[in-house]
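Novice: Here is how the chains run, residue by residue.
There are 6 protein chains.
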Amino acid sequence: MPHARVATFGEIMLRLSPPGHQRFRQAHDFRVEYGGGESNVAVSLANFGLDVRFVTRLPANDIGDCALYALRGAGIDTSHVVRGGKRLGIYFLEKGAVQRGSKVVYDREDSGMATLRPGQIDWDRAFDGVTWFHWTGITPALSQSAADACREACREASARGITISVDLNHREKLWQYGKSPREVMPELIEYCDLIVGGAREAASYFDIQGEDFADVARQLQQRFPKARRIATTLRETLSASHNTYSGLLWDGEELHAAPVYQLTHIVDRVGGGDSFMGGLIYGLITWPEEPATALRFATAASALKHTIIGDVNLVTVEEVVNLMEGDASGRVSR
Amino acid sequence: MPHARVATFGEIMLRLSPPGHQRFRQAHDFRVEYGGGESNVAVSLANFGLDVRFVTRLPANDIGDCALYALRGAGIDTSHVVRGGKRLGIYFLEKGAVQRGSKVVYDREDSGMATLRPGQIDWDRAFDGVTWFHWTGITPALSQSAADACREACREASARGITISVDLNHREKLWQYGKSPREVMPELIEYCDLIVGGAREAASYFDIQGEDFADVARQLQQRFPKARRIATTLRETLSASHNTYSGLLWDGEELHAAPVYQLTHIVDRVGGGDSFMGGLIYGLITWPEEPATALRFATAASALKHTIIGDVNLVTVEEVVNLMEGDASGRVSR
Amino acid sequence: MPHARVATFGEIMLRLSPPGHQRFRQAHDFRVEYGGGESNVAVSLANFGLDVRFVTRLPANDIGDCALYALRGAGIDTSHVVRGGKRLGIYFLEKGAVQRGSKVVYDREDSGMATLRPGQIDWDRAFDGVTWFHWTGITPALSQSAADACREACREASARGITISVDLNHREKLWQYGKSPREVMPELIEYCDLIVGGAREAASYFDIQGEDFADVARQLQQRFPKARRIATTLRETLSASHNTYSGLLWDGEELHAAPVYQLTHIVDRVGGGDSFMGGLIYGLITWPEEPATALRFATAASALKHTIIGDVNLVTVEEVVNLMEGDASGRVSR
Amino acid sequence: MPHARVATFGEIMLRLSPPGHQRFRQAHDFRVEYGGGESNVAVSLANFGLDVRFVTRLPANDIGDCALYALRGAGIDTSHVVRGGKRLGIYFLEKGAVQRGSKVVYDREDSGMATLRPGQIDWDRAFDGVTWFHWTGITPALSQSAADACREACREASARGITISVDLNHREKLWQYGKSPREVMPELIEYCDLIVGGAREAASYFDIQGEDFADVARQLQQRFPKARRIATTLRETLSASHNTYSGLLWDGEELHAAPVYQLTHIVDRVGGGDSFMGGLIYGLITWPEEPATALRFATAASALKHTIIGDVNLVTVEEVVNLMEGDASGRVSR
Amino acid sequence: MPHARVATFGEIMLRLSPPGHQRFRQAHDFRVEYGGGESNVAVSLANFGLDVRFVTRLPANDIGDCALYALRGAGIDTSHVVRGGKRLGIYFLEKGAVQRGSKVVYDREDSGMATLRPGQIDWDRAFDGVTWFHWTGITPALSQSAADACREACREASARGITISVDLNHREKLWQYGKSPREVMPELIEYCDLIVGGAREAASYFDIQGEDFADVARQLQQRFPKARRIATTLRETLSASHNTYSGLLWDGEELHAAPVYQLTHIVDRVGGGDSFMGGLIYGLITWPEEPATALRFATAASALKHTIIGDVNLVTVEEVVNLMEGDASGRVSR
Amino acid sequence: MPHARVATFGEIMLRLSPPGHQRFRQAHDFRVEYGGGESNVAVSLANFGLDVRFVTRLPANDIGDCALYALRGAGIDTSHVVRGGKRLGIYFLEKGAVQRGSKVVYDREDSGMATLRPGQIDWDRAFDGVTWFHWTGITPALSQSAADACREACREASARGITISVDLNHREKLWQYGKSPREVMPELIEYCDLIVGGAREAASYFDIQGEDFADVARQLQQRFPKARRIATTLRETLSASHNTYSGLLWDGEELHAAPVYQLTHIVDRVGGGDSFMGGLIYGLITWPEEPATALRFATAASALKHTIIGDVNLVTVEEVVNLMEGDASGRVSR
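If you're matching them up, the sequences are chains A, B, C, D, E and F in order. Residue numbering for the first sequence follows the working numbering, starting at 1111 and increasing by one per position. Residue numbering for the second sequence follows the working numbering, starting at 1111 and increasing by one per position. Residue numbering for the third sequence follows the working numbering, starting at 1111 and increasing by one per position. Residue numbering for the fourth sequence follows the working numbering, starting at 1111 and increasing by one per position. Residue numbering for the fifth sequence follows the working numbering, starting at 1111 and increasing by one per position. Residue numbering for the sixth sequence follows the working numbering, starting at 1111 and increasing by one per position.
No wet-lab data here; the hints were simulated from the structure. Among the hints, a few may not be true.
Identical chains blur together in the list; that is why a pair holds if it fits in one copy or across any two.
[Said to hold, decoys possible] 25 Å max Cα-Cα, derived PhoX-like pairs, lysine-lysine: (1) 1289 x 1196; (2) 1283 x 1336; (3) 1336 x 1213; (4) 1336 x 1196; (5) 1213 x 1283.
Please work from the sequences and hints to get the whole structure.
Specialist: This is the structure:
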């Protein structure tokens, strides 16, 4: 197991979803889970055996406690979670099938994390012994104060020489507080050693257009020279039930491509990108000079995620390596 | 939203189905739903925003009440439902998979609707303001008295100049009361402006054989000149889990064909025809002079139905139009 | 219905599985079933209308009672089940999807059946009127005493002129008691009239290598001349959700091949081999001189099993014959 | 275990009930069980270790099969069940609480059993080796033909010297076929050795009024001199959740009274009377000359029934004897 | 059925509760229901057969739609619901037992109703034909704009001569917008003909202290002379599982007391007060000059509510009258 | 929050229980939980905010992992859990009601903990910073090696000056390895500062008979002079649904008695003693010189446990103190 301590920082939400393929209006029960981009990455890393902590702000009520128990049960260090704010953000998820897409309804305004302000996290303690810091484009999209807190985190991490990764993760329905991503993101991305994101984010955040991912990645790297590696996932959505899935990584010199997985019977595609991110961080920590290996690990991990209900990727290194080495047959293991 | 008031008339049943793919004998719980050809059409239309009422006869007991609550919850006007008869009809549904077909066991004899007699519905009130009336071949198959009541309904609708549609919907196991469809159906079909049905029904009901649907439709129109449009669904059952699906419409001059949908992971195919019918009625009300558009709307609506558990099609106009305009990718809508 | 009485002999276990595609750690409920290779065959035969009894040893506690009720409910004669031993064996099953394989965790040591000793079954009574005896390679793999009891059973059956079938069914994780299959199995197989097994078992048990199944089967028959027929299943695991499936039978002169089924949406593949075995026994009893027919019945039965949750194949002769005669469309039966 | 073979005869129905305390209209699932007065008695006797068969007529469809599997799973001999008729009777049960009583909606007309006719049961086979025959007042209330078949059964049993018991079990909502109980029941009761019923039935069936149960029992015995013992249950319904419960037995000379049980947290009271009847039959077979002991066994058995969901009493002799001997503490048994 | 049309006005929320007695942190599913003080009253009235409409503001998203479907399914006229605002208010409910009380966590800020402003409801249409208007102390506690809208509603109702009722319903955790109830409530109460509330509300809202309820009611009436009748519920909480329950009504001259119900096995006590209010409105409409009868109806209705899961009281007039006339035995109704 | 670090040591098992009040044979699903005497105490202490670790040996398989995740999710330090052994112990729990007692079937032989040997735990690390060590009489009852490991733990704790508590917890069905408790327990108890146990254990383990608990406690203290405090629970089992509950504590000078709680609607009584133990440890750490306060805290904590499903007591200090200070009303907390 590699030697590292990772901190991820962001919002965890209550996820409420009708069972099976029920539409919202058919549901008399909602399945209850807790997830968010950055905590999902933390769960992946804990399952891969890394020492990982999650930093966030949770309301001091029973629902906030539930999120905390979920994180602890996944083996994540929660001792740097601060409590406060009015509520836990919620998202409602209706799972589609075939021609009917899945549907997400967000109800996350005014959450503890959205109202986090700089100074509320004790970064000296939160970054103690930390070697890798991960954040995503969701946090600065929540509110001005969350964007400010995110900047503080990046600065503090950078000052300590911590490796920084970001998942650009653009969500148009966020960014409601009067700033555009182009005003906020560039300054934050300058701190990052690893960027995950595609043409869509490059265009929205930095007005970078490219012919293909290699072109976009090259431009990104020119603009953000600290970013040694730039990666993206490739998903083709044939239907809500069947996608193809792969990933690309630009290491400054070469473009690496992962195999393409046929996800023919998707169980849950939410958290797919986070599982790629988690796999990539694990991969780059484990094989720091083998980005192609890390990419293949990330893509295999993410393929497996699509077979697991919930936001988080509950797989072991052994399971990912088994798939990465080519056994995609899904045989019974007895 | 188009200006119209639709009345549908027929039987609603209690549907009892084992969860998931369980066989009947494995079930310790039955999922409870309420559905029937004509009420399923009404639910589609209510979801599309139309003013719709359902006319039937329900037993005056708690189980009849349950069916009533289900209809109301779907936004259907139930003020013309009459109460009486001994029982609510029941059907048991076992959902198949791959090579194992689904199985339906009917227990619908002596229901309130099967024992309905002419004169029990106050058609003056039930047809007040109504512009479209829909019935199916199931009602005259239930009993002599139900066939008589159906004839009364058609006559009353016709007298008021209401547009009449019928889904021929042949079920061999019905028609147990001593009459054959050929003795009963022709008189009823003469009232209809829109016929949905295929070669099978044309042969069983009217002894019409044809080379293809266009041929059958032409012959039907010759025999029933009021029927301005004749449509059918096209389903290829590759397995219980994977069908292809499309539709055809003959408008008296031209044969229109809808795109073919690959229904690769069917959630529930019961009510597929009803969802086509509902889509077609909505389509012809909305685009009265664009039958090809109406057909494409109907087929897209019906494709979506196959992703929804239960008899009824819980989709909005916006969702159907989105698919009809070509987005079959099933992407997550956030 | 053919005239025969079948006895099967082996271990039945408590099967505990998370609902749907949940991983073990996500499960807050386990679905409860009872199954095992030989009792699964008995259930198939009972469903096909045969007179069948299951012989085993169950602990004299409530959990042993539950297994007994499950067998009775399937229509199996349990009057030759003896009670004793400390516990019912358990297996935990996690159902995979696509690239993630299913996972089985066994907890079956020291079960009533594993601690069965020769002399504990009254074979005079248990074999009364019996015409066919079935056992599998699992029983002699459990313990020395179970292997001894298995030898006793074969000897007793043979002495009464009962037809004997075996499913070689190799499980590497068993055979923990200090003997290898090569020391134990040959003597037992000499009693058998019908062998089901493939190249893997032939190699592990008898050190027989072959170019293809026909070659292996010929060698097996040379070594075990009583074995008139030798059959195997053919499964290609494209993914955990999609397999292809067929079967072969060598009748001493000719190699028969069944059609290949596309199992595109597998519901539960555990018990697939047992359902083939059950179909083959039924087939050979019903069409004793038509091994190709029996093979086709067995393969069709087993294809249907993959659509049914649980270890056992809950299908009727009529349903199997329907598929065997070519209707793989999975149409709704109303 | 006493030496005896019991046959019970009557209707088994599909029982559908909302989970927990839900009202019908709240239910999206119905719990599925199979029960009826006479089959409930059979289940009790099978659990007490007696050899018991149930005689009825079930429709030849999947739902009829389900009832058959349920009976078999309880260890009842079903080889004398005949198949025929259109449907399995159904009853819907809504479980009350405190001031809200439970509610039963019957949908049992035209069931296989209600349309049974004399001659359809082969009583020579069905009564082979039988020493005790049990029926209830429900069967003759179903239809003229069921009443006729019941008379045939009593006559055949009587001709073979079989002990006959009856549970009078008056249900006012039945008896819809044009006869009153007073026209039908007396002739049938003349065959009976044991009558269970109270003042209500004595009045409705035989126009017998009495000061108390002893008085009623004495009059019943005068009128039906074959009835050696007459028993009744005593239930005080404090609320739907709390009843008191006891029993009385008149043995021709003496009135025996059981202890009064406080049923303070009722789980399911349906089948309470049947569990008393089952206990009494077992008791009188086991202790034929100790009617007071039999009565105490019956009452204790029935008290336990109220803690078990479903129609049937799933308790062992050991459990009943433990309560009957005074341990009502409900301690944990480890 | 009395001739009347009732409008209730307020907030409906999504209610999420762990199944059974689970604590929040044990829940992997939440039961989904929709309820709120004023809509709960509307449901009661619809069940009693009254013509009732509910006026509120729901967000224009899928979760708002779900609340709308729930209301429609209960038979309430929703044509005066306006759509807008960001979110549907939520409350989380953990059901206690014995010494552990139930727990409510509110997450209702910024709901569509809390951000309703005067002028958004078209009262001309909403009050068309309305004879009774009901509101509660919750609405003015939500926000300044909701309090303003509530004042507008009262003024509009009053101007049309509509009878007005209020449930004072004090919730300390609300009133967060900078006003105290004493500043807001008196002006609103002046419009009311019927007040339901107790000593706690009289003190909090109006600084009225009294020796007993009669004293408080007299003082309230002096201060608010339009209030012809003043009622309250009386609940003694022996434990979370067992309460006693009754009601009092002061009619300006006399104090009427209802019987005391022993609620020994409470299923769900949320909505208890709303069911009393619904019963009282129905009672006073039906028996306008028999306030004691109305009170007894209200109290019996509310006793029954405690046996029903969810916020709303799903009982009929017949069921209430049956209890009100003294049958509290909870017998099975067959 | 008091300053302390507690280690508990023992076996955690998989608990499988039918839902609600179902009997084992009715269950098609088992509720899955993880519990055991010593880990239950650890969960209580974690909920009370203490720093607590659990020391055990878990099999290195998926089921062992599940137990680990459950412990982590409860906030327990699991870094001293060792992995090994064949299996996780299991217990099956059937929940009784009223006169029917709950039933436990153990299947715990050969578990990882039962096969633990001295030397397998690194007590230097496991006791690092630990101030309180807790074990129970179950561990030495499992096997000779577990008893030896328990002796080792006590000796190591004692050598480090750690306070030691024991719950005597006699289970007759254990102690199958050839030693009696009287041979094993006295030596272990000599290390203990706090003993929880009653007359039954005093008799079985030490042959101490007493007139009452005070007498027994005095004798225990004479024999084990290190035991400064001796406590016991008092439970009267009126029925499976209703117990009374209290506790006593002898502090060497005085006998303290807690109030008696009426547990009128028990949800789950398993783990009741463990919740008392957890409360007592917390109480004595918090109020070291107020044993009467600690006893009242322990008894109130344990009363609350009976309202919570599962082995463990999910309550906070605030909730316990609230009850301990006299509010047993179970009011709704909003």
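Novice: Run every hint past the structure and note whether it holds.
Specialist: Verification of the supplied hints:
Taking the closest pair of Cα atoms, residue 1289 and residue 1196 come within 25 Å of each other both inside a single copy (23 Å) and across two copies (20 Å). In this assembly of identical chains, the alpha carbons of residue 1283 and residue 1336 never lie at most 25 Å apart, being 29 Å within a copy and 50 Å across copies at closest. In this homomeric assembly, residue 1336 and residue 1213 never come within 25 Å of each other (Cα to Cα): the closest approach is 37 Å inside a single copy and 43 Å across copies. Taking identical chains as interchangeable, the C-alpha atoms of residue 1336 and residue 1196 are never at most 25 Å apart, the minima being 37 Å within one chain and 40 Å between chains.
In this assembly of identical chains, residue 1213 and residue 1283 lie within 25 Å of each other by CA distance solely inside one copy; the values are 13 Å within and 34 Å between copies.
The structure shown violates the earlier hints numbered 2, 3 and 4.
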